[in-house]
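Participant: Sequence:
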Amino acid sequence: MSLYLKFSDQLFAMVASVFTRPTEASDSRYRTFLATKPEHRQSLLLLLLCSSLLVTSCAMGPDYSRPQIDVAQNYRLTPTEGRSIANLRWWELLKDEKLQLLIDQALQGNKDLKQAAASVEELQARLRISNMDFIPNVNIEGNAPALGTMGGFSRPGFPTPYNYFGQTILNWELDIWGRLRRANEAARADLLAQEENRRAVVLTLVSSVAQSYFDLLQFDMQLDIAHHALSSWDESIAISRAQLQGGLISRLDLDQFEAERARAAAQVAELERQIIQKENELSVLTGKNPTSVLRKQSLNEQLIPPEVPAGLPSELLQRRPDILQAEQTLKAATARIGAAKAARFPRISLTGFLGLSSPALSGLLDSGSEFGVGGFGLAAPLLNSQSLGFEQRAAEAQARQALAKYEQTILVAFKEVEDSLAAIRTAREQYQAQQLQVEALTSALQTAELRYESGITSYVDVLLAKRTLFDAESALTATRRLHLVSIVQLYKALGGGWLAEGANTPLPISTGLLHHD
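All the letters of the sequence shown, read from the start, carry residue numbers 43 to 559 under our numbering.
No lab work stands behind these hints: they were computed from the structure.
Hints may contain errors.
[Claimed, not checked] With beta-carbon atoms standing in for the labels, derived distance ranges: (1) Ser356 x Leu212: 49 to 55 Å; (2) Ser427 x Leu403: 45 to 51 Å; (3) Leu492 x Gln339: 31 to 37 Å; (4) Gln450 x Leu506: 48 to 54 Å; (5) Gly414 x Pro388: 23 to 29 Å; (6) Val326 x Arg442: 37 to 43 Å.
[To be verified] Below are the DSS-like pairs computed for lysine-lysine, each with C-alpha atoms no more than 25 Å apart in a straight line: (7) Lys156 x Lys330; (8) Lys320 x Lys140; (9) Lys330 x Lys153; (10) Lys320 x Lys156; (11) Lys137 x Lys320; (12) Lys457 x Lys447; (13) Lys338 x Lys137; (14) Lys338 x Lys140; (15) Lys140 x Lys447; (16) Lys330 x Lys137; (17) Lys153 x Lys140; (18) Lys153 x Lys320; (19) Lys320 x Lys338; (20) Lys330 x Lys320; (21) Lys140 x Lys156.
Keep in mind the model is a prediction, meaning the values are calculated, not measured.
C-beta: ideal position from N, C-alpha, C; glycine also.
Work out the full structure, taking the sequences as your base and the hints as a guide.
Facilitator: Here's what the structure looks like:
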């Protein structure tokens, strides 16, 4: 026994030297420890050893490190560096007041966003639950045989169902293998992934409202063009009927004019349907029942930035929410490998209970009614050890899946940025070419009408000129909308609205922070 106590004294000095510097205070504490009773000294030593195991033990499984990703120096269509358009807040990019109001309403009332926010709150609570696993679990239990007893043991100080007793039960798992730490690490990564998902929902919501609004403005302009074409064909039909009665044209010419008039009427009906459906879509995005949507500026009055720089490709990895979400998912999957591996080792717990027991309530506080015990518990897998090995293999496979998804998300993100940049450049060139086309067709229609009035040509030439002009005007409107939508898509592809201007840290996106000043 003396040899064991001597060994324990030396072991305590060795452990204490790890955690304290050799000072007079530490020497004094050491001498005080040696002056304690041997049985108390052993208890203190056990507690110290448990603490040292918790501090010095390392968590099992691989530690997460960000995978190496090959990133180009510049995007294909933007060889020069510049301040990214994604640094703008959405209200600095989308300056239509009615559109800003719709986005504000969507950020306040959209149901998908509320669901994403509630998911974040759920995982915040689950993380707190995971944090509570590090502290002892203490329960209180009591018993009162109020209906009387018909026998049984009534030994004082021994808790039985036939006694009055109250006890406090303690159970504290010592996280020697790092199972709890890895589980906590995974829970934290799950929370961060869900937060990035909420940011992605916000960014998608802003871009969806903007795109639907531009679609609505496009339908408005095309409806005006269709109404103008319908009126023009009504005039042509009236003229043609008079000419038919005078024998100047054939019935075939009148039929062609009426067919064109019916074509324009069908376009009007289709556009009216599309307008109503698009208004219903915007109403749902803003969290309202289907209703009409107010518009202020026309499609041609929408401001288009002269330049839309994308910034550096490396910034995309730090900015885009779905990439960060995929990375946090990978981090959580990596931590679960360690948790699964640690589950294959014995769980060591510090257990104990302390209480009072008596066959009579009046004697519950008397001397001799107290009881208690403390010690260590060990639970090790035996028959299920093989299944736990398969659990570890499953966790490793899930981590490989998460890695592949992370890499695929990055590839898709770069593709979307490149697609948007190509769409912006080509849409600008296409719009300029179509403007020249509309101008030329307008001049051609005027020439055809003059030649018809002079009797040089038939009215068929006027018919063809009108049809071509109306189609070209409708296509020009669609290209204008494509240009605006491509800018919004680039803004979304770059993870726009997340970084404040001139800031190096993420700007939290929430319904309270995205409102314009």
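Participant: Given the hinted pair Lys338 and Lys137, is their alpha-carbon gap at most 25 Å?
Facilitator: Roughly 11 Å separates the two Cα atoms, so the pair holds.
Participant: Could you grab the alpha-carbon distance between Lys320 and Lys156 and see if it respects the 25 Å cut-off?
Facilitator: Status holds; Cα separation ~22 Å.
Participant: If you draw a straight line from the CA of Lys338 to the CA of Lys140, is it 25 Å or shorter?
Facilitator: Roughly 6 Å between the alpha carbons, so the hint for Lys338 and Lys140 holds.
Participant: Within 37 to 43 Å: is that where the Cβ-Cβ distance between Val326 and Arg442 falls?
Facilitator: Given about 39 Å between the Cβ atoms, the range holds.
Participant: Using the C-beta atoms of Ser356 and Leu212, is the stated range 49 to 55 Å upheld?
Facilitator: About 51 Å separates the Cβ atoms of Ser356 and Leu212, which means 49 to 55 Å holds.
Participant: Given the hint that Lys137 pairs with Lys320, test it: the Cα-Cα distance must not exceed 25 Å.
Facilitator: Distance ~21 Å between Lys137 and Lys320 Cα, so the pair holds.
Participant: Would the hint linking Lys457 and Lys447 be met if the CA-CA limit is 25 Å?
Facilitator: holds (15 Å)
Participant: Does Lys153 pair with Lys320 here, judged by a C-alpha cut-off of 25 Å?
Facilitator: holds (18 Å)
Participant: Holds or violated: 23 to 29 Å for the Cβ distance of Gly414 and Pro388?
Facilitator: holds (25 Å)
Participant: For the pair we were handed, Lys330 and Lys153, check the Cα-Cα distance against 25 Å.
Facilitator: holds (10 Å)
Participant: Does the alpha-carbon distance linking Lys140 and Lys447 stay inside the 25 Å limit?
Facilitator: violated (38 Å)
Participant: Holds or violated: Lys320 and Lys338, Cα atoms, limit 25 Å.
Facilitator: holds (16 Å)
In terms of the numbered hints stated before, the structure departs from hint 15 and from no other.
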